[in-house]
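The listed protein sequences derive, respectively, from chains A and B.
First residue of the first sequence: 1, per the numbering used here; consecutive thereafter.
First residue of the second sequence: 1001, per the numbering used here; consecutive thereafter.
Hints are supplied without guarantee of correctness; some may be wrong.
[To be verified] Derived lysine-lysine pairs resembling DSS-like cross-links, with alpha carbons at most 30 Å apart:
#  : chain 1 : residue 1 : chain 2 : residue 2
1  : B       : LYS1198   : A       : LYS32
2  : A       : LYS421    : B       : LYS1348
3  : A       : LYS198    : B       : LYS1030
4  : A       : LYS197    : B       : LYS1032
5  : B       : LYS1032   : A       : LYS191
6  : A       : LYS421    : B       : LYS1421
7  : B       : LYS1198   : A       : LYS27
8  : A       : LYS134    : A       : LYS335
9  : A       : LYS197    : B       : LYS1009
10 : A       : LYS30     : B       : LYS1153
11 : B       : LYS1030   : B       : LYS1074
12 : A       : LYS27     : B       : LYS1074
13 : B       : LYS1009   : A       : LYS191
14 : A       : LYS421    : B       : LYS1074
15 : A       : LYS74     : A       : LYS30
16 : B       : LYS1421   : B       : LYS1198
17 : B       : LYS1134   : A       : LYS131
18 : A       : LYS191    : B       : LYS1335
19 : B       : LYS1093   : A       : LYS153
20 : A       : LYS211    : A       : LYS258
21 : A       : LYS134    : B       : LYS1134
22 : A       : LYS30     : A       : LYS9
23 : A       : LYS153    : A       : LYS211
24 : B       : LYS1027   : A       : LYS197
25 : B       : LYS1074   : A       : LYS191
26 : A       : LYS153    : B       : LYS1335
27 : B       : LYS1153   : A       : LYS9
28 : B       : LYS1153   : A       : LYS134
29 : A       : LYS74     : B       : LYS1027
30 : B       : LYS1134   : B       : LYS1335
31 : B       : LYS1197   : A       : LYS74
32 : A       : LYS27     : A       : LYS354
33 : A       : LYS335    : B       : LYS1191
34 : A       : LYS131    : B       : LYS1074
35 : A       : LYS191    : B       : LYS1134
36 : A       : LYS27     : B       : LYS1421
37 : B       : LYS1134   : A       : LYS421
38 : B       : LYS1191   : A       : LYS153
39 : B       : LYS1030   : A       : LYS197
40 : B       : LYS1191   : A       : LYS32
No wet-lab data here; the hints were simulated from the structure.
2 protein chains.
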Amino acid sequence: MNTQYSNHKFPRVVIIGGGFGGIEVAKALKNKEVEVMLLDRNNHHTFQPLLYQVATGTLDAPSIAFPLRKMFRKQENFTFRIADVLGIDATNKTLDTDIGSISYDYLIIATGATTNFFGNQDIAHNAMPMKNVKEAVSIRSFILQNIEDSLLKTDTEERSAYLNFVVVGGGPTGVELSGAIAEIRNHILTKDYPELKKEDMNVYLVEGLPKILANLSPQASEKAELYLKELGVKVLLNVQVTGYDGDIITFADGNRIKTKTVLWSAGVMGQFPSGINPDIVVRGNRIRTDEECRVIGMKDVFAIGDVAAMITDELPRGHPGVAPVAQQQGRFLAKNIIRMLSGQPTEKFNYFDKGSMATIGRNKAVVDIGKIRFQGFFAWWVWMFVHLMSLVGFRNRVVTFINWAINYLTFNAGIRLIIHKYRRPERVREPVNE
Amino acid sequence: MNTQYSNHKFPRVVIIGGGFGGIEVAKALKNKEVEVMLLDRNNHHTFQPLLYQVATGTLDAPSIAFPLRKMFRKQENFTFRIADVLGIDATNKTLDTDIGSISYDYLIIATGATTNFFGNQDIAHNAMPMKNVKEAVSIRSFILQNIEDSLLKTDTEERSAYLNFVVVGGGPTGVELSGAIAEIRNHILTKDYPELKKEDMNVYLVEGLPKILANLSPQASEKAELYLKELGVKVLLNVQVTGYDGDIITFADGNRIKTKTVLWSAGVMGQFPSGINPDIVVRGNRIRTDEECRVIGMKDVFAIGDVAAMITDELPRGHPGVAPVAQQQGRFLAKNIIRMLSGQPTEKFNYFDKGSMATIGRNKAVVDIGKIRFQGFFAWWVWMFVHLMSLVGFRNRVVTFINWAINYLTFNAGIRLIIHKYRRPERVREPVNE
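In isolation and in its complexed conformation, chain A is listed as follows (with noise of 0.2 Å):
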C-alpha cells in the first residue's frame, strides 16, 4: 500500500467520479470530521447538459468544464488525484489504481456512464461518441472538416455522404444535437461555404421507438417533433440501426443513409472498476443498490448517479440516468454518512422529480414539471435559465451568456475551430458489453 495515502486521523472517503454525484458528496462533506479523496480520469467537472453546444460550435470547451481543484480550493479536507481506478479491493479496504494502491474507509462510486454501443463493434468503431469534452470537440472537428472535404467532391453522390449527418437516439440529447445542427445548416452553411446549398445538407434524427422524447409527456414529444420537422430535421420513428461502416449507416427495415459522420446517442451505460460482483450488475451494466446507496453485498461501499440502479417494488428500474438524481443522491449519502460516523440511524433515499425538458434551435424548447407542460418559446427561456445558472463558475455564466446572446442576435455561433483534427480510432475506444 502506498504509505502517502494511508495516513489519516479521521476516517478517509474516496470518492471514485467527479460527476455531478461526486462533486455534491464532496462539497457536503465540507468541514466535516472526514478526509474527502477524490479521484478522477480528468482534472476537471463536466457540465455534460451543454456538451451538444460544444460540439456544434456553440460554446468553447471551458464554459462547460471547470477544474475540480479550483472548485474545491477552500475545501481543507479535500484532496483530489488524476487517477484511473481499476480494481476495489472490499476485503482490504483498498483501491488499485494507475497512481498506486490507495485506502479508504467509505467507498463512492460515482463513476457514471459511458456509450452503449450494444456490443456491435462497427457501429462502436465508425460512430461518434459525446459523452466528455474531448469527444464533442471531436464531433465539431469532425463536422467541419465533412463539410470542408464535401467541397473537393465534384460527384454529387459522393458529396452526399460528406453533407448528411445522422443522430441515432431520440433522448434529450440526440434531440438537442440534431437540431443544434440543423441549425448550422439553416443559418451558417450557406454564408460560410456560398458554393454549397442549404438543401446539400441533410440532418437525420433515427430513434428505435414510436417517439422521440419517451421519457418525457406525449405533448412534449409531439411538439418536439414538430419542431425539430420544422428545423429540416428528418426524424425516422421505428427505425433500429444494424450498422454502420463509416461511409453507409444500415437500418433493419431495408433503408440505408450514405454518410461519413454518424453521432450515437442511442445508449448509455454504466461503467466502473472490477471487484463487483457481477451478480448485482443489472440492465445498462449498473451496479444495484439498496436505498441507502449501499452497493448490495458490500460493506461501506456505496454507488450513486448513472452508475447505480436502486431498485425498490415502485422502481423496478431505478431511478433516470439524469443530474439530478446523482446530486440528490450525493447530498443525501454525505449526511447518511455523517448520520453513521456519529452513531445516529441512516436515513433512506428519496428523489425528488424536478421534471425534463429538452431545447430544439433557436427557439424552442420543451419542459414537463409534474403535470405542468409547457412548450415553444417561454419554454426555451426556461431551458436557458436553468443551465445558465446551472453552470459552475462565474466566469462560465458570464461567457456562456454573451455567446449566447451574440449567437442568438446574429445567427452565427463562432466557435467553428478545427485545433485537433479528428481521425476515426484505429481500434474501438471503449469497451463494449451489454
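Assemble the complex: chain A is given as a structure, and chain B must be docked to it using the hints.
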C-alpha cells in the same frame, strides 16, 4: 489539373497561409477584379501574440483563433480551402497540394515561420514549441500534468524535475511565457495544490545573449529582466543550451537542470513548399525578395511576412519577424497587384515601425515606440489595449476582456483544463534544418 479550380474569368491570386500577412492581402483585394483563393492547413487565423496566454490558461483557444471562412463571409471574390501546399510549379503556374492541383496567376507565399531547433534532434523531440493553438493547448496540458505528477513523487530530487519549468529564448515570447508561468507559481500553485509550497516550483528563462529582449531598447531589456526577477523567474543570460533528453537540460557552461518541461522559443525559421531556388534561401530559411516582395528570379510569385527576407543595403538582414511587417507587406502587395493589373507602375515597400512591446506578469510591460520608451504599469495598460483591439471579432474581444478582468481581480485564471492529455511525440514533429 483539377478543373474545379481552373475556370475563372478574373486573374486568380492564390495566397498560401492565413496568418497576419495572408489575410491582409485577401482583405485588400475585396471588390477588386481578381479571384482570391486562400489556402491554409488550418481553418482559422491565429493571433500568435497571445498564444502564451492560452498556454498558461488565461485565455481559451477560441478567443485567439478566428475561423477564416467567417472572416471573409462577406467577400464575394474569396474562396478558401484547407490545404497543404507541397510544391510550386512556376513554369506552369500551378501548385501541387494535398487536395489536388491549383492554378494561379499571382502567387503569394505567406506561410510564416515554424520553430527552429537549430538542428538538434533531441531538443526538437523533447522540448515543446509554441507556434500554433494546438501547441499552446499542449503546453497548458503538460504544465498541469507535470504539477499533478509531482504530487505522486516522494523523493524531493525526483519531484523537482516535474516542478522546474525552463523557457529557452529571451525574446518577447519567452519573456511573456516565463512571466505568466511565474504568475501561476505565485498566485495559483499553493491554492490549487495545497500539498505544494511556492518554493517547490522554479521558473527559468534561458537566453544565449547577454540580455533579454535584445531587439528592444536597453531600457526595455533592463526593466524586463528586473520585472522577471521580481516575479521570481531565474533569468540565465549568456547560456547556450547544448541538449535536452526529456529529463535534463544541459548547457555549454556545464550546468544542467532536471526538468520535464522545456518550452522552446529560441528561434524560428521560414517554412515554404518545394519549388523555391535554394540560392535565394537566406538565413533563417527565409525567401529573398526584391523591394516589391517579389521572390528573386520568379515571375508573379511573392513572399511576405516571416517567410520573406527583403534584403537591401539598409536592411542586410531583412525586416524583423513581427506581425506589423507581414500586415503592411500584405496591404502593400495587394495594392501593387491592382497596379499591375491596371497597367500602373508598381511601388516599393516601405516599413513603418510602430514599435515593440512585451508584457511581464500582471502589472508590468515594456514599450518602445521610436524614441519614446516607457515601462511599468502604464506600459502594461497600453499593451493590453493594443492587444485587445487587435483581436479579430467582437465576441473574442468581449470574452478576452472578461477573462482578463476576472483574472486581474481574482488572481485566478480559470482555464486549467487537461482536455487532450499531452504525450511526447514518438518522432520529431517538424523537419529540422537551419
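Status of the hints after comparison with the structure:
| no. | hint | result |
| --- | --- | --- |
| 1 | B:LYS1198 - A:LYS32 | holds (28 Å) |
| 2 | A:LYS421 - B:LYS1348 | violated (40 Å) |
| 3 | A:LYS198 - B:LYS1030 | holds (25 Å) |
| 4 | A:LYS197 - B:LYS1032 | holds (25 Å) |
| 5 | B:LYS1032 - A:LYS191 | holds (20 Å) |
| 6 | A:LYS421 - B:LYS1421 | holds (15 Å) |
| 7 | B:LYS1198 - A:LYS27 | holds (26 Å) |
| 8 | A:LYS134 - A:LYS335 | violated (34 Å) |
| 9 | A:LYS197 - B:LYS1009 | holds (23 Å) |
| 10 | A:LYS30 - B:LYS1153 | holds (27 Å) |
| 11 | B:LYS1030 - B:LYS1074 | holds (9 Å) |
| 12 | A:LYS27 - B:LYS1074 | violated (50 Å) |
| 13 | B:LYS1009 - A:LYS191 | holds (23 Å) |
| 14 | A:LYS421 - B:LYS1074 | holds (26 Å) |
| 15 | A:LYS74 - A:LYS30 | holds (9 Å) |
| 16 | B:LYS1421 - B:LYS1198 | holds (25 Å) |
| 17 | B:LYS1134 - A:LYS131 | holds (22 Å) |
| 18 | A:LYS191 - B:LYS1335 | holds (27 Å) |
| 19 | B:LYS1093 - A:LYS153 | holds (23 Å) |
| 20 | A:LYS211 - A:LYS258 | holds (24 Å) |
| 21 | A:LYS134 - B:LYS1134 | holds (14 Å) |
| 22 | A:LYS30 - A:LYS9 | holds (16 Å) |
| 23 | A:LYS153 - A:LYS211 | violated (36 Å) |
| 24 | B:LYS1027 - A:LYS197 | holds (25 Å) |
| 25 | B:LYS1074 - A:LYS191 | holds (8 Å) |
| 26 | A:LYS153 - B:LYS1335 | violated (34 Å) |
| 27 | B:LYS1153 - A:LYS9 | holds (22 Å) |
| 28 | B:LYS1153 - A:LYS134 | holds (28 Å) |
| 29 | A:LYS74 - B:LYS1027 | violated (50 Å) |
| 30 | B:LYS1134 - B:LYS1335 | violated (34 Å) |
| 31 | B:LYS1197 - A:LYS74 | holds (16 Å) |
| 32 | A:LYS27 - A:LYS354 | holds (21 Å) |
| 33 | A:LYS335 - B:LYS1191 | holds (27 Å) |
| 34 | A:LYS131 - B:LYS1074 | violated (36 Å) |
| 35 | A:LYS191 - B:LYS1134 | holds (26 Å) |
| 36 | A:LYS27 - B:LYS1421 | holds (27 Å) |
| 37 | B:LYS1134 - A:LYS421 | holds (10 Å) |
| 38 | B:LYS1191 - A:LYS153 | violated (53 Å) |
| 39 | B:LYS1030 - A:LYS197 | holds (23 Å) |
| 40 | B:LYS1191 - A:LYS32 | holds (20 Å) |
Figure legend: structure checked against the earlier numbered hints; hints not met, in rising order: 2, 8, 12, 23, 26, 29, 30, 34 and 38.
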